[in-house]
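There are 2 protein chains.
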Amino acid sequence: MNDEKLMTLLHEFKQLGATSMGGVTRCVYDDNWSLAQKKYVAIANDYGLYCFCDKMGTIYAATSDHISHKPVILTGSHMDTVVNGGWLDGIYGVVSSVLAVGQLFQKFGTPKIPLCAVSFSEEEGSRFDATFTGSRYLTHQLDDAVFNLKDRTGATFNQERQNRVTELRQVTPIGIPDFKIRSYIELHIEQGNTLDQSPANIAVVTDIVGQKRLLITTKGISNHAGTTQMSGRVDAMRKAVDLMTKIYSSLELMKGLRFTIGKIIAFPNVANVIPEKVDIALDIRHIDQNVLDQAFEQVTQIINAVGATYRLTTNVVATPMDYQLQQQVIRSTKQEKLVGERLFSGAGHDAQVIANSKAPSVMIFVPSQNGVSHVPQENTAEFDLLAGQRVLKRVLYDLAYCS
Amino acid sequence: MNDEKLMTLLHEFKQLGATSMGGVTRCVYDDNWSLAQKKYVAIANDYGLYCFCDKMGTIYAATSDHISHKPVILTGSHMDTVVNGGWLDGIYGVVSSVLAVGQLFQKFGTPKIPLCAVSFSEEEGSRFDATFTGSRYLTHQLDDAVFNLKDRTGATFNQERQNRVTELRQVTPIGIPDFKIRSYIELHIEQGNTLDQSPANIAVVTDIVGQKRLLITTKGISNHAGTTQMSGRVDAMRKAVDLMTKIYSSLELMKGLRFTIGKIIAFPNVANVIPEKVDIALDIRHIDQNVLDQAFEQVTQIINAVGATYRLTTNVVATPMDYQLQQQVIRSTKQEKLVGERLFSGAGHDAQVIANSKAPSVMIFVPSQNGVSHVPQENTAEFDLLAGQRVLKRVLYDLAYCS
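Going line by line, the protein sequences match chains A and B.
Number 403 in UniProt numbering belongs to position 403 of the first sequence; there are no gaps in the numbering.
Number 222 in UniProt numbering belongs to position 222 of the second sequence; there are no gaps in the numbering.
The shape of chain A in the complex, shown without the other chains (with noise of 0.2 Å):
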């Protein structure tokens, strides 16, 4: 194993779009991920691995060249990051993929099954007002009006992506990603605070949770709030609070949901004025679609009931990972005599748009110290870095040597 290497790509990576704040803003199609995407391909390069870049901007590295049409192990993350994030979101999985199957391209040369690293294009959406770009393309799942999209500049999805493609053509060739995933090991670091609480060092992912979210609104009449009588209101913050309370009530009761408010926006929003309309964001999150479908239901009949309306704005299902391969993470983690548990992910992945598309998909999880992602403080120790590196590792030997 090649420990140094790793932890020197990591902190070199971090310096592309470093903030003074400490944290990293490397989103898609910047001059950080241009040049990221660039030293992505020389690190490939490197290892004699096989490049190609999508018209995403997505580089794949694979332990061949004639990779169209077959059933290959693909294995990386994503690039991006989301507005002065972490330095380990989404990279830590691709310079891990990519040295992973570099190393053991160059140590046992062409495995049985090809091995291919991606570093996705786009997954956070936090330029463009869409997530998953990447994996989303690769997978048949992109809607076209992407393209249309403007970030705040003004500037298009489609020119900044034409752009970059060009730029990235200088130092490797373009194509289409025909291959069939035969399997998608995606290494990630938690976010949450489960690992960090637990002597374990390892996770592998059983499920990627559904996710649901509503805009829903309350209406009222705006007017004085001294001339006008209790008794004639009809004021949207009463009944937004009315609802918020009776859907805590309602949801606190369902075990292993997650759910937040995290969004209220009242108009006109001055102290002495009744409130007219009220929106709130609410999110709710399950392993389960099936307890997913029952609190939305029950949700909405609540909406209903205090005379409230909604729009569904994020609508995923809950994604359970392939089995087989939680039991080869199972297996290289106590071959690496690592401790490893079983958790399921509360935060969508590039893994479950992929596993949505049927190709077989897992994940394997590190600890964030504190629980926190998305934010400068956002880090992981060492030992857990290179531990994590070692189980990805392992599995794509498995998988693609010794199957």
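There may be inaccurate statements among the hints.
[Said to hold, decoys possible] SDA-like mimics (lysine to any residue), calculated; alpha carbons at most 25 Å apart, straight line:
1. A:K277 / B:V375
2. B:K246 / B:M230
3. B:K246 / A:D144
For the record, the hints were derived by calculation from the structure and aren't laboratory data.
Go by the hints and put chain B onto chain A.
For chain B alone, kept in the frame of chain A given last:
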């Protein structure tokens, strides 16, 4: 009575600040405000009243040019409006009172007790973050910090004030309002819906509510909505909803209390992030200061119980109107063969400021159609507008000529 004059003038003043949305914007010291105060001087001069302007730009129009240190009967309201407000708030009392004083003076000559109409410079606080600056200056309740306030464009209160007073000096002398207020009578639209739903045309105001406004803050720990376990969360929104529910439950039991949560701001206010802070503005009003204090005490207990904090941003004491002046208004209403009733004001007024300086004060209300005010739809039937002015005129006649 000269009924046409009142309606003609109200329509003329409506043009000074008319908005494309059908409302009126005439904020203190803006161009239309200046035109309107000059127009007021011209009206007063036509009746032979003695005008002067104080350092705030408030115009006084008296039946004598020697009112220094004398006890006078003061009557008027404010010249400014809120942004895109109605055509009657303030200006109805301003025009009615100068016409009443002017017509009485013209017909009956110098009264036993001097009458003085007033057009206060400012009451609404819609340009600078300070209210009642006209009446507060007159009654020595103005904080000098007001002069340093800036509007949204960065213009200072003091510079704007100076410029406009210099302009007004072209049409009327500048003076110091060092008279004693024997009585203050203010005619105003109700702005609520009590009179509109009653057979009465006229109300005498018995009390102006005391008001407390609290900015309440709950604190949490911001984290990912998907990866953070429910059990470990510190959710500022969960606390805020709990707090608001308890406040509603507690205050809804208090008879006569008007309370409103009109404003809420969550941080960071993102759908998939647990809020770290929620700010809530609570406005509570009651005519009985003891009940208001009791409500405040209950709210602070709830705030402490849920571990929130608060800041008191508004604190105005409940103000009873002078009983003898109320009786005078009731007599005059009967003499005019109009139906009157007593009610309290849920909104603050210059009469509250003046009453708090120990000057006997009273208000006369006319109905607001549908109870709406501070919007372009603000309206009062012509019959009611004229009725209110007749009552005011009779009150002034009895107090000034017959006592």
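Evaluated hints:
{"no.": "1", "hint": "A:K277 / B:V375", "verdict": "17 Å, holds"}
{"no.": "2", "hint": "B:K246 / B:M230", "verdict": "22 Å, holds"}
{"no.": "3", "hint": "B:K246 / A:D144", "verdict": "49 Å, violated"}
Consistency note: the structure conflicts with earlier hint 3 alone.
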